[in-house]
Amino acid sequence: MRERSRGPSREDSILRPLANPGTKYYVMVAIAGAVLVWFLLAWAWQLRHGLIVTGLADWGTSGGVPWGIYIGSFIWWVGISHGGILISAGVRLFKLKVFYPVARLAELLTIGALTIAGLFIIIDLGRPDRVVTSVLKSYTLTFQTSPLVWDLTVITLYFVLTATYMLLTLRHDIYALRRRLPSRFAPLYQLLAQGYQPEEDAKVSRMAWWLAFAVIILAPFLLHGGVIPWLFQLIASMPGWFSPIQAPTFLSIALTSAFGSVIIVAYIFRRVYDWEELLPDRVFSRMGSVLALVGLFFLWLQLQAIMTGAFAAPVGLLTATEAKMEDPVYWVAIGLVAAAVLYLGAQTIWHVLFSVKRVVIVAIIPVLATLFEKTLFIVEGLMHPLFNIYRTVPGSYSPTWVELSSIAGAVAMLVLFFAVVSKLIPIIEVEAEHEEKEE
Amino acid sequence: MEWIGLPIGRWLLFGIILLPVYGMLLGWFLGKPRNFPMAFRGLAYLLGMIVVLWGGLFTLSMLIRFVFFPS
Chain A
7 MRERSRGPSR
17 EDSILRPLAN
27 PGTKYYVMVA
37 IAGAVLVWFL
47 LAWAWQLRHG
57 LIVTGLADWG
67 TSGGVPWGIY
77 IGSFIWWVGI
87 SHGGILISAG
97 VRLFKLKVFY
107 PVARLAELLT
117 IGALTIAGLF
127 IIIDLGRPDR
137 VVTSVLKSYT
147 LTFQTSPLVW
157 DLTVITLYFV
167 LTATYMLLTL
177 RHDIYALRRR
187 LPSRFAPLYQ
197 LLAQGYQPEE
207 DAKVSRMAWW
217 LAFAVIILAP
227 FLLHGGVIPW
237 LFQLIASMPG
247 WFSPIQAPTF
257 LSIALTSAFG
267 SVIIVAYIFR
277 RVYDWEELLP
287 DRVFSRMGSV
297 LALVGLFFLW
307 LQLQAIMTGA
317 FAAPVGLLTA
327 TEAKMEDPVY
337 WVAIGLVAAA
347 VLYLGAQTIW
357 HVLFSVKRVV
367 IVAIIPVLAT
377 LFEKTLFIVE
387 GLMHPLFNIY
397 RTVPGSYSPT
407 WVELSSIAGA
417 VAMLVLFFAV
427 VSKLIPIIEV
437 EAEHEEKEE
Chain B
360 MEWIGLPIGR
370 WLLFGIILLP
380 VYGMLLGWFL
390 GKPRNFPMAF
400 RGLAYLLGMI
410 VVLWGGLFTL
420 SMLIRFVFFP
430 S
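As given, the protein sequences belong to chains A and B, one line each in that order. Sequential numbering from 7 applies to the first sequence in the numbering used here. Sequential numbering from 360 applies to the second sequence in the numbering used here.
No false leads were slipped in.
Covered by chain B, according to a simulated footprint, are these stretches of chain A (three or more residues, beta-carbon under 8 Å): (1) 128-141; (2) 151-159; (3) 208-214.
BS3-like cross-link-like pairs, simulated, lysine-lysine; straight-line CA separation at most 27 Å: (4) A:429 with A:103; (5) A:363 with A:103; (6) A:101 with B:391; (7) A:103 with B:391.
I should point out that these hints are in silico values taken from the structure, not numbers from a laboratory. Here a beta-carbon is modelled for each residue, glycine too, at the ideal position from N, C-alpha and C.
So that you can see chain A by itself, here it is in the shape it has in the complex:
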């Protein structure tokens, strides 16, 4: 068995972020807040003047594409959100004990990333004030045939399942730590642990298991490997999108960006709160290995798409594939993922190559690469439709400062989200029963 250290107890370590913040914390919040304000100003500019301030344009007639980096970011953030809850569900369902310390961090990443993903849909609209009324008013009709409405439905479901998962599992932790939590937030803790009885733990544990069961089927097979790619793969007039392997491709990209993001977030917390014991090296080593595996899955599906599209494909698919292959951004994305897979694969085989810092640096690479790939996928898909009535008005797309501000603003939002939540609730679960035991 592992020898207990003589340093601070596990509880002390878990509670460290809830202490009064220091100067560095305020500096970080100030920087993230400033970036967020910049983004809000950019969005206000867009709302005031319309989508003309973006690089988006009417498809064909204005020579451009109506979807660009906003929708690319939407898919990217949804993808990031998936890995979070999958890690957590995997811990519960398949006893992936090594990932237990990052389970709640991953759940929080899911909630934060999913909220940001939803925001990108709002930002992409010319009249976002109409979104709720227009969706709800015609829901009984549109849900029958519209992949876009299926998408909204399932994202709602996914958000709700994740939040319920967290709310249920938090009750025990709040109760267990009730005497040590900051008293200024007492009303919040009373609300979260309202009616808590220690006898409910067994039932909650079983309910969380059932939630994990639902999530582990929904998230990979029906959401990011289903409804989200169906927004594209069902459109027969877009050869770049119309493919039955779009669903597994989306899933591979989601898992790649998600594992990379969890590694980055976990490392930041480990560094800031000296959580070497709570988030030990082996967590990063295993997550790095899984990232190599899902990255390889991503590369394999890209190879399938290239071979099918470039060998002897119908003219439309051939054109779309050639356009993608001629774009350097695509090869930058592929090259970055390949480099990360090579390094992380090598460190899995030769452990001497492993260091936490290196894994984190390498994890950033595929996270960025997947954003490039997703944006390119959206734009190239729209640029090369099967029909060519718009051939005489070829367009181009490059994001403007308004759109790029949204990327920075979204990251700042996530930073602020973690900065606030980590001051309110324990972001590592109190129960140590799932921890990997070292013989």
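Knowing the structure of chain A, use the given hints to seat chain B on it.
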């Protein structure tokens, strides 16, 4: 597109996509240890979060209308 006389969205959403959720709810209510108050609490969380999500979105959309599209 229809299948067995039903629009695709109906059987896709309620017949396939929600299947894991049906399984989960059955597990909550019928699985052991049996604890109906907790199962109902879980259900209340689910429904409450739907209201929070769409209510929040509605508030944001109305705020945008008030500030940018008042007419």
